[in-house]
Structures are given as structure tokens and as C-alpha cells.
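Put together the whole structure using the sequences plus the hints.
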Amino acid sequence: MKEHAALRELAAGAALDDLDPLERRLLDVHRARCAACRVLEREFGDVLANLGLTAPTRRPPVELRERVLRAIKEPDRGVTSMGMAGDPGPEVSFSE
Amino acid sequence: MPEPTLSQADERRAEEAALLARIAARDERAVEDLYRLYSGPLYALAYQVTRSERFAQDVVQEVFIAVWRDAGRFDSARGSVGAWLFSFARHKAIDVVRREANVRKRTADVDLEFEEAPDDVHDEAWLRVRRETVRAAIVQLSDIQREALELAFFGGLTHVEVAERLGLPLGTAKTRIRSALLKLRDLLGESLADTGAGELPAGGDRDVTGIET
Chain A
2 MKEHAALREL
12 AAGAALDDLD
22 PLERRLLDVH
32 RARCAACRVL
42 EREFGDVLAN
52 LGLTAPTRRP
62 PVELRERVLR
72 AIKEPDRGVT
82 SMGMAGDPGP
92 EVSFSE
Chain B
8 MPEPTLSQAD
18 ERRAEEAALL
28 ARIAARDERA
38 VEDLYRLYSG
48 PLYALAYQVT
58 RSERFAQDVV
68 QEVFIAVWRD
78 AGRFDSARGS
88 VGAWLFSFAR
98 HKAIDVVRRE
108 ANVRKRTADV
118 DLEFEEAPDD
128 VHDEAWLRVR
138 RETVRAAIVQ
148 LSDIQREALE
158 LAFFGGLTHV
168 EVAERLGLPL
178 GTAKTRIRSA
188 LLKLRDLLGE
198 SLADTGAGEL
208 PAGGDRDVTG
218 IET
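Going line by line, the protein sequences match chains A and B. Residue numbers for the first sequence follow the numbering used here, beginning at 2 and rising by one. Residue numbers for the second sequence follow the numbering used here, beginning at 8 and rising by one.
Source of the hints: derived by calculation from the structure; they are not laboratory data. No residue lacks a Cβ here, since even glycine has one placed at the ideal position from N, Cα and C. Be careful, since some hints might not be right.
Computed far set for chain B versus chain A, every beta-carbon distance over 12 Å [said to hold, decoys possible]:
no.: 1; residue: Glu22
no.: 2; residue: Arg80
no.: 3; residue: Ser149
no.: 4; residue: Ile151
no.: 5; residue: Arg172
no.: 6; residue: Gly174
No more than 20 Å apart at the CA atoms, straight line, and that leaves these computed lysine to any residue pairs for SDA-like [to be verified]:
no.: 7; chain 1: A; residue 1: Lys3; chain 2: B; residue 2: Ser186
no.: 8; chain 1: A; residue 1: Lys74; chain 2: B; residue 2: Glu39
no.: 9; chain 1: B; residue 1: Lys190; chain 2: A; residue 2: Ala7
no.: 10; chain 1: B; residue 1: Lys190; chain 2: A; residue 2: Ala37
no.: 11; chain 1: A; residue 1: Lys74; chain 2: B; residue 2: Asp34
no.: 12; chain 1: A; residue 1: Lys3; chain 2: A; residue 2: Cys38
no.: 13; chain 1: A; residue 1: Lys74; chain 2: B; residue 2: Gly79
no.: 14; chain 1: B; residue 1: Lys190; chain 2: B; residue 2: His166
no.: 15; chain 1: A; residue 1: Lys3; chain 2: A; residue 2: Leu41
no.: 16; chain 1: A; residue 1: Lys3; chain 2: A; residue 2: Ala15
no.: 17; chain 1: A; residue 1: Lys3; chain 2: A; residue 2: His31
Covered by chain A, per the in silico footprint, the following chain B stretches (three or more residues, Cβ under 8 Å) [said to hold, decoys possible]:
no.: 18; segment: 83-93
no.: 19; segment: 159-166
Structure follows, in C-alpha cells:
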């Protein structure tokens, strides 16, 4: 059915966050009553995770593990350079 | 009456949901388990998007902070753990890229390298198999579909920027990218069900802690 094909395309768009407001509305209305498309959206999550796995291997430094385990115990400290408040903690980065 | 056999995918989903339940119960060992399973691939994805060791590390840290904070709210009916982790990591990486002053440079110079990295041979077998499966599917996309999808996924660009980079009207670019994703889903279809796409084994002693660089 041509209409459903278009909605499957919207589901793909949702997975990649490219829906405009009208598309978003159309999809929201449809998915509320279409189990197949809800399943499709879940599958897209796994497809994208698989796609993510094809990034070339790059291993994190050993120190990252301790840094992460410490960070979860003290969520307001030792956090990232990505705009969060608190003590930046030990520098484990490399100059860019 | 015989019990229905769970597919591998169902088993992994259950194992990973259990892992998150342990994390929600504040089991730090479970976080270590999750880190061992996922830190390598998440770091690789974050680096591919951000092209920065420092920011890739930040992204991985943000992912695990979020897991620690939100594990109790994870709803396995809505998707797999792997799907959530990769989606979160990718969005954080894109946030970093957008925040950086070289967005204009990236729009012009995004260059996605997918040659086999020298240390691929040291990856765990399951990761190699999964990656080979996906790559085998990706090459079945047309060149322009593959280019569009990889740019949309790894490029750290908005879909408007992707369309510009491809030299296409926005609608055409979106259709091409979405069609590529639909086709990839269809190509992976069987293996998604059988191997638990996006989900990594919850057990075993796979060590993905980092080496150098």
C-alpha cells in the first residue's frame, strides 16, 4: 500500500531525527494505531546501533574506565568538558 | 506442551534488561560489566563523529552517567539497550560537534573513512562478525544511498547541512537517506532477529578496555 510505504519512510526519518512538524504529526497519528510501524521504529534503533558498530575501531584510553566509574558516583564533579557544572577533574584528554 | 525457544535476540534483550535493572539497583559491578561490553564501540562511534579523542571520552562518560541516572526508567518494550546507548552517544557527539567552532569546516570537509583500521584484527570475534554482517549489507546499498546514510549518521551534520553537502534539495536528500535506512533494515532483517542487532553479549569475559593512544 503506497500510503503505508510513505509512513515507513517517515518512521525511518524519525530514527534519524529529520521529521518536519507535519511529518511528525502524521507519524504520531499513524503509529498510535499501527503496531507494525511501532515494531519498525524499534528495529531502526537496532539498525542504527549496528551502523554505529561499523565506525573504525578506536580504543578508549585505559584511564577512561576509572574516570567514568568515579564520575557516576559523583555526578556533580569530575565531569566533562561538555558544558556541565562542577570540578573538571583530572585532565585525561590529548591536545587537539 | 514444549516451551517456545527464545531467539538469541530475545535472550540478549532479557540479559541486557537485567543488567540495567542491576544498575538501577545501584550495582556498580553491573556498570563495570556494561562498560566492558560497550565502551569500545561507543568510543569508536563518538570519535568517528567528533574526530576528537577528548570529546569521544567525554561522550562515553556522558553515556554512562546517563545510564546510572536513568537505568530505572529504561523500558525494554521501547527498544534495546544497545539501541539506546548508541543513540544517546551519537546525539551527544553531535551536540559536541555543533558546539565547536569548526562546524563550517566540517560541512565542507567531512571525510568519512571506513577503511579497516590497523587494529581491527584485535577486536573480539563477535564484534568482527557483527561488523562484517553490517558492512556486507551496506555494500548492497547503491553508492549514493550509502554515502547519504553514512553522512547523515556519522557526519555530525543537520539534515539541512547533509543536503547541502550532497548538493541536493532537502526533500530529495531526506528521501534518499530514509530509503537507504529502510533498505538496510530489510537487508539486515533476518540477522536482526537472530543475532540481536545492536545488542552485545551480556556475559563472558570480553575485554574492551583500551590500550594506547
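For each hint, the structure was consulted:
no.	hint	verdict
1	Glu22	holds (15 Å)
2	Arg80	holds (16 Å)
3	Ser149	holds (16 Å)
4	Ile151	holds (16 Å)
5	Arg172	holds (14 Å)
6	Gly174	holds (17 Å)
7	A:Lys3 <-> B:Ser186	holds (14 Å)
8	A:Lys74 <-> B:Glu39	holds (13 Å)
9	B:Lys190 <-> A:Ala7	holds (14 Å)
10	B:Lys190 <-> A:Ala37	holds (16 Å)
11	A:Lys74 <-> B:Asp34	holds (11 Å)
12	A:Lys3 <-> A:Cys38	holds (14 Å)
13	A:Lys74 <-> B:Gly79	holds (16 Å)
14	B:Lys190 <-> B:His166	holds (19 Å)
15	A:Lys3 <-> A:Leu41	holds (17 Å)
16	A:Lys3 <-> A:Ala15	holds (19 Å)
17	A:Lys3 <-> A:His31	holds (14 Å)
18	83-93	holds (count 8)
19	159-166	holds (count 4)
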